[in-house]
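Peer 1: Heads up: the sequence lines are chains A and B, in that order.
Reminder that position 188 of the first sequence reads as 188 in the UniProt record's numbering, one-by-one numbering, no gaps.
Reminder that position 267 of the second sequence reads as 267 in the UniProt record's numbering, one-by-one numbering, no gaps.
Mixed in with the good hints, there may be bad ones.
Stated by the list, open to error - Cβ pair distances, simulated, as ranges:
| id | chain 1 | residue 1 | chain 2 | residue 2 | range |
| --- | --- | --- | --- | --- | --- |
| 1 | A | Gly114 | B | Val270 | 39 to 49 Å |
| 2 | A | Leu148 | B | Ala218 | 13 to 23 Å |
| 3 | B | Ser99 | A | Leu64 | 19 to 29 Å |
| 4 | A | Gly151 | B | Ser123 | 49 to 59 Å |
What the hints contain is simulated information worked out from the structure, not anything from laboratory work.
Even for Gly, the Cβ is constructed at its ideal location relative to N, Cα and C.
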Amino acid sequence: MLELSQVSKLFNPGTADEKIALTDIRLKLAPGDFVTVIGSNGAGKSTLMNIISGVMKPDYGEVLIEGKPIHALPEFQRSRWIGRVFQDPMAGTAPRMTIEENLAMAYARGKPRGFRLGVNRSKRAMFREQLQRLGIGLENRLRAKVGLLSGGERQALSLLMATFTKPQILLLDEHTAALDPARAELITRLTDQIVRDLGLTTLMVTHNMEQAIRLGNRLIMMDKGRIILDIPEERKRHLTVEQLLGEFEQISGHQLSDDRIVLG
Amino acid sequence: MIGSLSGAVELGLLYSLMALGVFITFRILDFPDLTVDGSFTTGAAVTAIMISHGNSPWLATLVAFASGLAAGACTGLLHTKGKINGLLSGILMMIALYSINMRIMGKPNISLLGVDTIFASISPLVFMLIVVIIVKLLLDAFLHTDLGLALRATGDNSRMIRSLGANTDSTTILGVSLSNGLVAVSGAFVAQQSGFADISMGIGMIVIGLASVIIGEAIFGSGSVFRATLAAVLGSVVYRLVVAFALRVQWLDASDLKLITAIIVIVALVLPTARRSVKARSAARRRSLELAAAAAAPKQGGVR
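Please build the complete structure, drawing on both the sequences and the hints.
Peer 2: Written out as structure tokens, the structure reads:
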């Protein structure tokens with residue numbers, strides 16, 4: 001479904017600040033794979049997300065979706081296949097527009113945007129039904145401005161907007177990191193439910209070790225721009241946080257350091 | 001007095017299309033577009049030269065609209081593809097348009113006296129009322145289409161709308177273009193109503209547009225698109241009423257108008273920010289005192 005071959009990315013090449021962000025990344029996701037990604041600060045997790053979504057272009061290597069090379073396309077053209085939820089709850093929604101208008105913009109993903117009404121009666125009914133699945137009462141506030149919602153509510157809405165058109169690939173970039181524990185738990189639960197229901201091929205970066213083990217069917221670990229460990233489903237089922245951290249130290253030769261790390 | 005009142009309303013409506021244009025860039029795209037000073041004159045120049053050469057005033061107005069669209073598209077291209085700062089791309093286009101306008105007109109002033117304009121057979125007040133209502137409603141409808149939503153989101157959260165598949169370069173160019181199209185039509189109507197086009201008639205237009213949008217929002221609110229566009233139109237009318245009143249004051253000259261306009265905009269921009277920060281500070285103070293009092297209160301238990 002999603003394939004990265006020999007992807008490399010360098011920041012500030014040729015200057016004193018040169019930094020290797022990704023080196024020779026090879027990754028293949030089968031349809032329906034739900035892969036969690038962990039790693040130290042600066043391991044290249046966010047760069048990986050940005051390269052897949054098109055915010056950045058790789059210096060070398062290819063990104064393919066369903067066998068089609070897409071790494072030369074700009075971000076807005078890739079969004080036909082890729083849904084994304086950002087870490088910042090403010091990033092995924094437009095605050096001065098209403099809930100239904102935000103959903104209408106997500107609904108138009110991958111379609112030409114023309115002079116059809118963004119929100120009509122049948123779309124509104126569909127939006128209401130979709131919002132009910134979140135179970136946080138947003139279905140009764142369709143015409144409220146998104147800026148009035150809490151961070152958790154906005155992130156739940158972003159998650160719905162990223163997924164309800166069933167994109168081929170779902171990218172989750174530490175999307176629960178900026179929320180308080182209760183809200184983070186809600187979003188985690190919703191994520192698991194939505195990804196399962198729709199069978200989305202998903203790549204999720206997280207700093208929560210317990211979450212990385214509990215969710216998904218595969219876990220990859222990154223360090224210094226490389227994928228250093230790829231744990232398949234059978235092993236992942238019995239994995240503990242201690243084992244995971246031990247494994248990281250053994251392979252990378254240093255401790256997993258992430259200033260926001262949550263062990264679970 | 002009644003005469004000058006209806007005159008002010010008429011002017012307000014004539015300039016309200018310009019205010020709607022400024023609303024699109026300033027409020028929707030969050031892009032302070034100074035092209036307006038040039039494109040207003042372009043609209044007037046194109047109309048004046050075409051009408052004085054015997055073309056239909058309707059056709060002339062339509063061509064003025066197209067020339068405004070083109071001018072705006074240039075600014076949009078400079079900003080998005082040329083990656084030039086928004087303010088600077090507007091200023092560059094404004095300066096370029098001065099020369100272009102001069103080329104169009106051939107001389108600094110063209111008179112339309114004794115030539116048939118749109119207003120030869122119809123009262124400007126009635127005509128403009130109808131036109132403004134139609135344009136406002138069309139704009140409202142457009143801003144609720146898929147494309148219109150993408151345009152609004154470009155100013156509100158461009159990162160989001162890109163991740164949802166809209167090309168924000170295109171929507172920015174579209175918005176700036178549409179804005180200047182409206183500004184040019186406003187210039188076309190003003191030239192026909194006043195009976196001349198002048199090379200310097202656009203100077204300070206952006207500030208008048210901003211004043212109209214800001215005054216409108218302050219008085220009529222901006223909760224929804226419908227309200228916000230209505231506010232821009234009515235703000236333009238209120239601005240002209242204020243001006244008409246100011247001109248009646250003995251010791252003020254007509255040339256003081258631009259200063260007054262600038263002061264109105266400055267006050268309108270500074271006041272809400274200042275008020276907000278004062279409010280926030282007093283709220284924070286009150287809340288800290290409450291918390292301190294709660295912490296200092298003897299814990300007696302029992303009452304909960």
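Peer 1: Tell me the numbers of any earlier hints that the structure contravenes, in ascending order.
Peer 2: 3
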